[in-house]
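Chains as they are written, first to last, in this note's numbering: chain A, 2 to 350; chain B, 47 to 426.
Hints were generated in silico from the structure; no laboratory data involved.
Yeah, the Cβ is synthetic: ideal placement off N, Cα and C, and Gly gets one too.
Hints are not guaranteed to be accurate.
Listed next, the in silico DSSO-like pairs over lysine-lysine satisfying Cα-Cα at most 30 Å (straight line) [to be verified]: (1) 150/A <-> 153/B; (2) 153/B <-> 148/A; (3) 148/A <-> 172/B; (4) 344/B <-> 201/B; (5) 150/A <-> 172/B; (6) 148/A <-> 155/B; (7) 313/B <-> 344/B; (8) 155/B <-> 150/A.
Examples of chain A residues toward chain B, derived with CB under 8 Å [unchecked claim]: (9) 325; (10) 327; (11) 330; (12) 331; (13) 333; (14) 334; (15) 335; (16) 336.
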Amino acid sequence: MTLPRRAHPRPLDIANGRVDLTHGGGGRAMAQLVEELFIKAFDNEALNQRNDQAAFDVPAGRMVMTTDGYVISPLFFPGGDIGSLAVHGTVNDVAMAGAVPLSLSAGFIIEEGFPLADLARIVASMAKASKDAGVPVVTGDTKVVEKGKGDGIFITTAGIGMVPPGVAISGDRARAGDAILISGTMGDHGVAVMSQRESLGFETAILSDSAALHTMVAAMIAAVPGIHVLRDPTRGGLAATLNEIAAQSAVGMLIEEAAVPVRPEVLGACELLGLDPLYVANEGKLICICADSDAEALLAVMRAHPLGADAARIGSCRDDAHHFVQMRTGMGGMRVVDWLAGEQLPRIC
Amino acid sequence: MKYIDEFRDGAVAQGIARTIAAEADPARAYHIMEFCGGHTHAISRYGLEDLLPANVRMIHGPGCPVCVLPVGRIDAAIWLARQDGVTLCTYGDMLRVPGSQRLSLLKAKAEGCDIRMVYSTLDALKLAQAHPERQVVFFAIGFETTTPPTAVAIKQAQALNLGNFSVFCNHVLTPSAIAQILDSPEVRQLGTVTIDAFIGPAHVSTIIGSRPYEYFAEEYQRPVVIAGFEPLDVMQAVRMLVRQINDGRFEVENEFSRAVTRDGNEKAKALVAEMFELRRAFEWRGLGLVPYSALRLKEPYAAWDAERRWDVPQDSPPDNKACECGAILRGVKKPVDCKLFGTVCTPENPMGSCMVSAEGACAAHWTYGRFRDVGKKADA
Chain A
2 MTLPRRAHPR
12 PLDIANGRVD
22 LTHGGGGRAM
32 AQLVEELFIK
42 AFDNEALNQR
52 NDQAAFDVPA
62 GRMVMTTDGY
72 VISPLFFPGG
82 DIGSLAVHGT
92 VNDVAMAGAV
102 PLSLSAGFII
112 EEGFPLADLA
122 RIVASMAKAS
132 KDAGVPVVTG
142 DTKVVEKGKG
152 DGIFITTAGI
162 GMVPPGVAIS
172 GDRARAGDAI
182 LISGTMGDHG
192 VAVMSQRESL
202 GFETAILSDS
212 AALHTMVAAM
222 IAAVPGIHVL
232 RDPTRGGLAA
242 TLNEIAAQSA
252 VGMLIEEAAV
262 PVRPEVLGAC
272 ELLGLDPLYV
282 ANEGKLICIC
292 ADSDAEALLA
302 VMRAHPLGAD
312 AARIGSCRDD
322 AHHFVQMRTG
332 MGGMRVVDWL
342 AGEQLPRIC
Chain B
47 MKYIDEFRDG
57 AVAQGIARTI
67 AAEADPARAY
77 HIMEFCGGHT
87 HAISRYGLED
97 LLPANVRMIH
107 GPGCPVCVLP
117 VGRIDAAIWL
127 ARQDGVTLCT
137 YGDMLRVPGS
147 QRLSLLKAKA
157 EGCDIRMVYS
167 TLDALKLAQA
177 HPERQVVFFA
187 IGFETTTPPT
197 AVAIKQAQAL
207 NLGNFSVFCN
217 HVLTPSAIAQ
227 ILDSPEVRQL
237 GTVTIDAFIG
247 PAHVSTIIGS
257 RPYEYFAEEY
267 QRPVVIAGFE
277 PLDVMQAVRM
287 LVRQINDGRF
297 EVENEFSRAV
307 TRDGNEKAKA
317 LVAEMFELRR
327 AFEWRGLGLV
337 PYSALRLKEP
347 YAAWDAERRW
357 DVPQDSPPDN
367 KACECGAILR
377 GVKKPVDCKL
387 FGTVCTPENP
397 MGSCMVSAEG
407 ACAAHWTYGR
417 FRDVGKKADA
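If we strip away everything but chain A, and leave its shape as in the complex, we get (with noise of 0.2 Å):
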């Protein structure tokens, strides 16, 4: 009686080889990455059962599904890196939606040559992220694009999330005169990966926010079911993000530019690469608009919560046909905050 043959008789040389071209074949190579790196990071119920789809069971009730692509470069940045980075996206895009995030998939598309060191790295930091998050990833996919016809790594998550009953958050409940509040510094994540780009060689000790808000929505519901809008200000800003729930409800704000919290680093930052704090994204921040009365309440909860202790009132929604962002500036003067036109900080997630 001899013992069944091991599937891979020699371990994957994670420390010195690369991804190549089998990795994605569907064949033995492809099995053993799956199983030695990504099966081994992720750990769990659902994975475990190596199907192709993960099979599980969901309480009743409304249901979210969000997806995003991550193409940020550097893959590694302060703060955070690709792969964490694509858990705290998804699970925030899903918390947005008042709801708690259940499960995620993830799709893995790398670049032939990529360094079985650095996926290690990214797959660790992901599921660290996701293991901290309570959000396991359930499924996957990886594929593996010739050389030159990727940049690295690109990673795609999906994530699904349970709305509590009551809750109606949505990017057209804002009205006159409700509450607009963020939880804390405006641009360091942007700030920090645009530290980290070649050609711009300045060094910071900025780190990127990047991190999973969920816990701290469940408090804030918590505490006001009713909460209007709930938006994370990624790309283009706080003013991108502003002027799109603008537009859903089809009303007006004025912001006062003082009350906006900022990094001084980071101001120092924008100001050297000419760059407008409001328009630079954020990765672990939201954006929370309710009823005035509220307003108190949800700044309390937010302030009490670690990722929430900088939370301000920035300002009010109010009528207006043009549905205008304006801000009073510090000067004094009002000025408009326009969407960003074109590209600012390509590739920043």
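Chain A is already provided as a structure; the job is to place chain B on it using the hints.
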């Protein structure tokens, strides 16, 4: 932020605003042209018009280097980018400026031309070093401020013996443009445009100093205050100009004394004088052919001049007929006077150059100030 917050102090601005309101004579109007796009941007970005009394009005000038380049020079840059083996390096703003036939460098890039956005001339030099098989052309634009960096790049190319680097030179001069505006028929004969005073350039003046403006102040009897680009600089300059106008003075005063001297940067001026010579005339968008208003490389540096290396077309196609950029750059019209403004011409889809750069009068007004038009044009 140290050295920046001091110049963005809202309370101080309110104080200056009160002084201006108190000193401005309600019986007259004050028409002040800010020459530079940097000032235009600051005025719009900080909403400074709200801090000025109704009879103190700002007129946006032509000092936006992206805006004043004529269609022909954009076409020429596209032509260069299409030549075999050429890598064209440009500052980001130029990418979206419309040339003729609805082309732009951005569209040429999408067609397959090798066009790179760079942050400085040094990036272009590095590209030339890294790719000896390519001809790297730097699309040099700008006023006196950006000329010395171009000069330094050429010096470095010379020292490195970089035969595959050249410069498509479009450097222009501020004083000639101011003179052209003051000599324009609208100001001189027709009197349709009133310009009582100028806010003089900030960065340009760090190079050329305040002396070159003394001639205008005297000859055209218009006061000039050189001012920095921070909002308090602009407010302070307006106060100084209101005082000069009230006193009947027309002097050159320097608000930006933390960076500008009377003689400017001697070293930079000497370098530019050594390497560049005046063009007999150069076309400006809006101002037409302006005599002795631009620079080209002198003969000893001809090897680095893209216009000598290639037979670059010197055509001068007209602007879009409905586009009012020309009149806007001369201060004759305001952005809202243009039929295209905000209808077919927006920052996403610019028809004219003033809608491209953040320093352009149209882009600044659209992006920051268009709420002011509600009840005027938008609701008319």
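Cross-check of the supplied hints:
For the hint linking residue 150/A to residue 153/B, the alpha-carbon distance of about 22 Å falls within 30 Å, and the restraint holds. Between residue 153/B and residue 148/A the alpha-carbon distance is near 27 Å, which keeps this suggested pair within the 30 Å criterion. Taken as a hint, the residue 148/A and residue 172/B pair is honoured in the structure, with Cα atoms around 25 Å apart against an allowance of 30 Å. Distance hint between residue 344/B and residue 201/B is fulfilled; the C-alpha atoms sit about 13 Å from each other, no more than 30 Å.
Taking the CA atoms of residue 150/A and residue 172/B, the gap is about 25 Å. The hint holds against a cut of 30 Å. A distance of roughly 23 Å separates the Cα atoms of residue 148/A and residue 155/B; the hinted pair therefore holds under the 30 Å criterion. Annotation: proposed proximity of residue 313/B to residue 344/B holds, straight-line Cα distance about 18 Å (limit 30 Å). Distance check on the hinted pair: residue 155/B and residue 150/A sit about 19 Å apart at the alpha-carbon level, within 30 Å; holds.
For the restraint placing residue 325/A at the interface with chain B, the shortest Cβ-Cβ distance is roughly 5 Å, inside the 8 Å limit, so the hint holds. A distance limit of 8 Å between C-beta atoms decides the matter here; for residue 327/A the minimum to chain B is near 6 Å, and the interface restraint holds. Interface hint status for residue 330/A: upheld, as the beta-carbon distance to the closest one in chain B is roughly 5 Å, under 8 Å. Below 8 Å, beta-carbon pairs count as interface contacts, and residue 331/A has one with chain B at about 5 Å; its hint therefore holds.
With a least beta-carbon distance of about 5 Å to chain B, the hint placing residue 333/A at the interface is held under the 8 Å criterion. Annotation: interface hint on residue 334/A holds; nearest CB of chain B at approximately 2 Å, less than 8 Å. At about 5 Å, the closest approach between the beta carbon of residue 335/A and any beta carbon in chain B falls short of 8 Å, and the interface hint on this residue holds. Of the supplied interface hints, the one on residue 336/A holds, with its beta-carbon coming within about 4 Å of a beta-carbon of chain B, less than 8 Å.
In summary, this structure violates none of the numbered hints.
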